[in-house]
Amino acid sequence: MDRRIFLGSALAGAVGATLSACGGGSEADPALELASSSRRTTTTTTPTTTTAAASAKSRVIVIGGGMGGATVAKYLRLWGDAIAVTLVERMPTYTSNIMSSLVLSGQRTVSSLSYSYDTLRSKYGITTVFGEVVAIDPVGAKVTLANGTVLTADRIVMAPGISFDTVPGLGTSDKMPHAWQAGPQTTLLANQLKAMPTRGVVVLTIPKTPYRCPPGPYERACLIADWLKVKKPGSKLIVLDANPGIVTEVDNFTNAFMGLHGNVIEYHANAEVTSVDPSSMSLFTTAGTIRGDVINMIPRQRAGSLIATAGLNNATEGRFAGVNVLSYASTVSGASKVHVIGDSSATTQPKAGHIANQEAKVCADAISRILSGGSPDPAPVTNSACFSTITMSQASWLTAVFQYNPAWLNPATGITGPAMVPVAASSAASTGWNKENFEDMGEWFKALMADSFA
Amino acid sequence: MIKRFRVLIPLVVVAAAASTAAQAQVGQAGRLLASNCFQCHGTNGKGPGFDDINGKSVGEIYKKLKEFQAGKEGNGIMAKHALGYTDAQLVALDKWLSTQR
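Sequence order for the protein chains is A and B.
Numbering of the first sequence is given in my numbering, commencing with residue 1 and proceeding in unit increments.
Numbering of the second sequence is given in my numbering, commencing with residue 1 and proceeding in unit increments.
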């Protein structure tokens, strides 16, 4: 198989917020009152922009409360008390994508992955608004909610995570869950696996890069394979990879697929799903027709739909948002008041929760500086780190540190420009896997979630 | 081989965080760099997570990171991670972390 190495990446996750209506309140905040007072301004002669003026505090609206959104809201308050922060999110709690494959192996519950926004409110004074964003004016920095409320701010930070390409033939069927946004999809897939008879066939599909959490599908495959050995003897796991080969942590996953799990996993590179038939549980792929008893169909991905709604999807063939990595401001002309972090943005960094947290800190620091009359840090550093389950009790790790380079020649595109570039010596994976890494994974997860939500 | 990167530091009891939002400290040198540590060592290096790294005497964290770089602390994730920073960056983040008591 092709042994391409994509540097960096992190275990499942990242900016997971999906934006839709959900009830919920928030305590009164001067900024929100100002913002709310601006609603329906179309019926008055007062322009909404007046609400941003002469206030003691600058105002920032964060859209999406996943790993990136929660972290940027927290650090904007921690690092700049002069900024009032309103977090708009459709769900009252966040369900972590990180660790969610362990629900499939029965080692975790979905509820154990739930995080509320209570601490962000009580400890940092963040205002939360639970509702669905329907429109964004990137030039005027205005956000319209489904209930008609218009919020205005000095800056908007968007962290809407990912959305999926439509899979031809799938329709509304729940027979081929992606379980790539943790929650009901995860429960669905877990139940389908549990109900499968022994000697069954499970299929897991990996989309073309870039997708959320590069090692995620491979670690899930390892975990399911290990679980099948114990719970469903004689079963097989077919992995259909749309890429030319394993995209990250190549040595560990190759050894695991071919060696440790070689009697369970059947791996196909260059196998892209073109359409599906849920009634016959069939996948039509560039490598032929494949049938399964349980199918984990992870579709190709793009930025959360609000990015396209706002016209910010100017990178990666229109799939993601181009940003200036000093501040994560959009590179769309006139939209520099809108910042995009996490999985929705197009950068050289992996799409994953750990690094979304760091992008959020760079963004928060930059906005704090800009709103107090300064400029962003000219040399930001970010890092990616994660652990991958190779069995139900052993894990590997993967890490990389990224340094800002104002004139980096991208070997893939031939284009020179500013980028976060992985430091070669720091870009590495563990040699093999062990139980201690699995324990460290739990510690890492606990720390990461606290740094983001508490 | 020391696989863990625990440094054996007494837990620093953090006062209630009501004051955290009051810390308007825009643009502190080393702070953004040091925030790369927070995902695993807690906000401001104060946990929860792996070793607390806040409030040490100046130079202590720098020395530890140089040992990781030199491979004197095993071949775990920190041995690689430490290699991602320049010397000046290590000095800056060490200094900032030392102020976090």
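Mixed in with the good hints there might be a few duds.
[Said to hold, decoys possible] Calculated from the model, a selection of chain B residues having no Cβ within reach of chain A, i.e. all distances over 12 Å:
| # | residue |
| --- | --- |
| 1 | A29 |
| 2 | R31 |
| 3 | N36 |
| 4 | Q39 |
| 5 | V58 |
| 6 | G59 |
| 7 | E60 |
| 8 | E67 |
| 9 | K80 |
| 10 | Y85 |
| 11 | K95 |
| 12 | R101 |
[As the list claims (entries may be wrong)] Pairwise CB distance ranges, derived in the manner of DEER restraints:
| # | chain 1 | residue 1 | chain 2 | residue 2 | range |
| --- | --- | --- | --- | --- | --- |
| 13 | A | E436 | B | G71 | 12 to 22 Å |
| 14 | B | G71 | A | S122 | 18 to 28 Å |
| 15 | A | E443 | B | A88 | 50 to 60 Å |
| 16 | A | K175 | B | G71 | 21 to 31 Å |
| 17 | B | K72 | A | I415 | 36 to 46 Å |
| 18 | B | E60 | A | N270 | 22 to 32 Å |
| 19 | B | E67 | A | A146 | 21 to 31 Å |
| 20 | B | K72 | A | P418 | 45 to 55 Å |
| 21 | B | K72 | A | E436 | 54 to 64 Å |
| 22 | A | G373 | B | K72 | 19 to 29 Å |
| 23 | B | S57 | A | T144 | 47 to 57 Å |
| 24 | A | A82 | B | G71 | 20 to 30 Å |
Calculated from the structure, these hints are not laboratory results.
Idealized CB from N, CA, C, for every residue including glycine.
We went through each hint and held it up to the structure:
Here A29/B does not stay apart from chain A, with its beta-carbon only about 10 Å from theirs, under the 12 Å limit. Listed as outside the interface, R31/B is inconsistent with that label: its C-beta sits roughly 7 Å from the nearest C-beta of chain A, within the 12 Å cut-off. The Cβ of N36/B sits about 5 Å from the closest Cβ of chain A, inside the 12 Å cut-off, so the non-interface label is violated. Its beta-carbon lying about 5 Å from the closest one in chain A, Q39/B breaks the requirement of being farther than 12 Å from that chain.
Against chain A, the non-interface label of V58/B holds: every CB pair exceeds 12 Å, the least being about 20 Å. At roughly 20 Å from the closest C-beta of chain A, the C-beta of G59/B stays outside 12 Å, upholding its exclusion from the interface. With 12 Å as the threshold on Cβ separation, the claim that E60/B sits away from chain A holds: the shortest Cβ distance comes to roughly 20 Å. Taking the minimum C-beta to C-beta distance to chain A, about 16 Å, the non-interface status of E67/B holds against the 12 Å cut.
Non-interface call for K80/B relative to chain A: violated, since the shortest CB-CB distance, roughly 4 Å, does not exceed 12 Å. With a closest Cβ-Cβ approach of about 7 Å to chain A, Y85/B is found to fall inside the 12 Å limit, against its non-interface label. No Cβ of chain A approaches the Cβ of K95/B within 12 Å, the least distance being about 15 Å, so the stated non-interface status holds. Every CB of chain A lies more than 12 Å from the CB of R101/B, the least distance being 16 Å, so the non-interface label holds.
E436/A and G71/B have their C-beta atoms about 18 Å apart, which keeps the hinted 12 to 22 Å range intact. Between G71/B and S122/A the beta carbons are some 44 Å apart, a value that contradicts the proposed interval 18 to 28 Å. The hint said 50 to 60 Å for the Cβ distance between E443/A and A88/B, and at roughly 30 Å that hint is violated. In this structure, K175/A and G71/B break the distance hint of 21 to 31 Å, their C-beta atoms being roughly 51 Å apart.
Roughly 40 Å separates the CB atoms of K72/B and I415/A, a value that falls within the hinted 36 to 46 Å. The supplied range of 22 to 32 Å is broken by E60/B and N270/A, whose beta-carbon atoms lie about 51 Å from each other. E67/B and A146/A have their C-beta atoms about 55 Å apart, which leaves the hinted 21 to 31 Å range violated. Distance hint for K72/B and P418/A: a CB-CB separation of about 35 Å, inconsistent with the stated range 45 to 55 Å.
Evaluation of the 54 to 64 Å hint for K72/B and E436/A yields a failure: the beta carbon distance comes to about 19 Å. In this structure the supplied range 19 to 29 Å is violated for G373/A paired with K72/B, their Cβ-Cβ distance being about 45 Å. The given range of 47 to 57 Å is respected by S57/B and T144/A, whose C-beta atoms sit roughly 53 Å from each other. Between A82/A and G71/B the C-beta distance comes to about 45 Å, which lies outside the given range of 20 to 30 Å.
When each numbered hint is compared with the structure, violations occur for hints 1, 2, 3, 4, 9, 10, 14, 15, 16, 18, 19, 20, 21, 22, 24.
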